[in-house]
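Respectively, the protein sequence lines represent chains A and B. Quick note: the first sequence uses this note's numbering, first residue 1, plus one each step. Quick note: the second sequence uses this note's numbering, first residue 120, plus one each step.
Hints listed in this document are in silico derivations from the structure and should not be mistaken for laboratory results. Hints are not guaranteed to be accurate.
[Said to hold, decoys possible] Each pair of labels, with its calculated beta carbon distance range:
1. T210(B) - Q95(A): 36 to 44 Å
2. P22(A) - L303(B): 44 to 52 Å
3. G325(B) - P96(A): 28 to 36 Å
4. R92(A) - S200(B): 49 to 57 Å
5. E28(A) - A340(B): 19 to 27 Å
6. G59(A) - E341(B): 50 to 58 Å
7. D99(A) - F332(B): 24 to 32 Å
8. P22(A) - G314(B): 34 to 42 Å
9. V70(A) - K275(B): 19 to 27 Å
10. D192(B) - G59(A): 18 to 26 Å
11. A340(B) - D99(A): 18 to 26 Å
12. A340(B) - P96(A): 26 to 34 Å
13. V70(A) - L305(B): 54 to 62 Å
14. K275(B) - D42(A): 14 to 22 Å
[To be verified] If you want a taste of the chain B side facing chain A, the calculated C-beta under 10 Å gives, among others:
15. I131
16. L132
17. D217
18. M220
19. R223
20. H224
21. W228
22. S234
23. V248
24. S251
25. G314
Even glycine gets a Cβ: it sits at the ideal position worked out from N, Cα and C.
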Amino acid sequence: MHELSIVSSVVESVTESLAAYPGARVEEVRLRVGALQSVVVDSLEFCWGIATEGTPLAGSRLVVKTVPVVMHCAVCAADVELEGVQSFRCPRCAQPSSDLRQGRELEIESIEIEDGVTP
Amino acid sequence: MTTRIVELRQGILKKNDELARGLRGRFTTAGVLVLNLVSSPGTGKTAFLERTLRELKARGSRVAALVGDLETDNDARRLASSGAPVRQINTHGICHLDAEMIDRHLAGWEGVELSALDYLFIENVGNLVCPSSYDLGEKIRVALLSVTEGEDKPLKYPTLFNSADAAVITKIDIAEPCGFDRELALKNINEIRPGIRIFETSAKTGAGMEEWFAYLAEARAEKIL
């Protein structure tokens with residue numbers, strides 16, 4: 001539902017980062033999105049073209065990597081990966097846990113740029 | 120022409136998160152416990168908050184509320200009947216509150232000093248999806264669910280329920296005619312957020328409100344004082 005505002009924040013942040021690379025053209029933007037963020041990847045991609053229009057990011061690709069939920073199980077003394085977000089129990093021993101170690105990410109991992117004329 | 124990868128590794132909502140961190144610091148310094156109330160439209164956030172404000176005020180606590188809606192100041196007017204200072208935030212189409220809106224509405228709030236408050240409640244826009252991504256600087260995020268909504272709401276909206284610090288079930292006075300399966304609702308909430316504090320309340324009859332007030336007092340003592 002708020003995918004457009006997320007995408008707009010990405011465009012804004014990447015544009016700011018580009019100040020360090022004058023003349024560069026953005027080829028690709030890579031995001032990491034936790035499985036526990038209710039973000040619809042299709043909607044992000046749908047919004048991408050609209051949000052990047054008229055910006056230095058126009059024509060770039062958006063690549064979204066989904067990060068699975070990992071919680072710490074005190075019984076197994078281990079970090080375990082969950083298959084879904086319907087139950088926060090250890091898949092090995094069924095112990096419930098609220099100690100999440102991964103899965104809420106909403107970040108820009110990297111950008112691929114083509115350098116302009118190097119001064 | 121060369122192609123290269125630039126590692127950025129930064130939060131997409133970095134600006135919001137930084138602003139929220141600043142707000143949290145200000146709230147702690149001022150000694151005010153801030154709660155962010157999130158639910159679907161129609162859960163009864165406003166009725167629950169109205170009773171909370173009225174009773175806390177009657178017990179001598181200093182309370183105030185910020186209330187978010189897409190349009191209208193109906194909720195603010197309704198909550199103001201409690202006698203507590205209330206300020207409406209209209210998002211004009213945006214489906215959630217963000218830290219900047221909180222910051223801006225605190226700044227121009229006449230007659231309200233954070234340091235002169237014990238509790239500040241933020242009633243978010245009715246939406247179980249988007250508010251979960253936006254930190255408002257609150258100490259406690261409360262997820263509300265009414266008996267009319269279906270016991271599987273926590274399973275359908277795990278992002279919000281998993282990020283909540285407390286859960287409130289509202290309208291329990293009509294649980295029976297609604298065929299509300301209490302055990303199942305409690306189980307589902309615990310499945311998504313194991314060990315969370317759950318309050319079963321009715322703003323109409325006052326059921327469960329004492330436990331809620333005791334929790335607020337404890338939380339304030341523990342997190343602020």
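Hints and how they fare:
no.: 1; hint: T210(B) - Q95(A): 36 to 44 Å; result: holds (40 Å)
no.: 2; hint: P22(A) - L303(B): 44 to 52 Å; result: violated (60 Å)
no.: 3; hint: G325(B) - P96(A): 28 to 36 Å; result: holds (32 Å)
no.: 4; hint: R92(A) - S200(B): 49 to 57 Å; result: holds (53 Å)
no.: 5; hint: E28(A) - A340(B): 19 to 27 Å; result: violated (51 Å)
no.: 6; hint: G59(A) - E341(B): 50 to 58 Å; result: holds (52 Å)
no.: 7; hint: D99(A) - F332(B): 24 to 32 Å; result: holds (29 Å)
no.: 8; hint: P22(A) - G314(B): 34 to 42 Å; result: violated (52 Å)
no.: 9; hint: V70(A) - K275(B): 19 to 27 Å; result: holds (22 Å)
no.: 10; hint: D192(B) - G59(A): 18 to 26 Å; result: violated (44 Å)
no.: 11; hint: A340(B) - D99(A): 18 to 26 Å; result: holds (24 Å)
no.: 12; hint: A340(B) - P96(A): 26 to 34 Å; result: holds (27 Å)
no.: 13; hint: V70(A) - L305(B): 54 to 62 Å; result: violated (26 Å)
no.: 14; hint: K275(B) - D42(A): 14 to 22 Å; result: holds (19 Å)
no.: 15; hint: I131; result: holds (5 Å)
no.: 16; hint: L132; result: holds (6 Å)
no.: 17; hint: D217; result: holds (9 Å)
no.: 18; hint: M220; result: violated (12 Å)
no.: 19; hint: R223; result: violated (17 Å)
no.: 20; hint: H224; result: violated (19 Å)
no.: 21; hint: W228; result: violated (25 Å)
no.: 22; hint: S234; result: violated (32 Å)
no.: 23; hint: V248; result: holds (5 Å)
no.: 24; hint: S251; result: holds (7 Å)
no.: 25; hint: G314; result: holds (6 Å)
When held up to the earlier numbered hints, the structure conflicts with 2, 5, 8, 10, 13, 18, 19, 20, 21 and 22 and fits the remainder.
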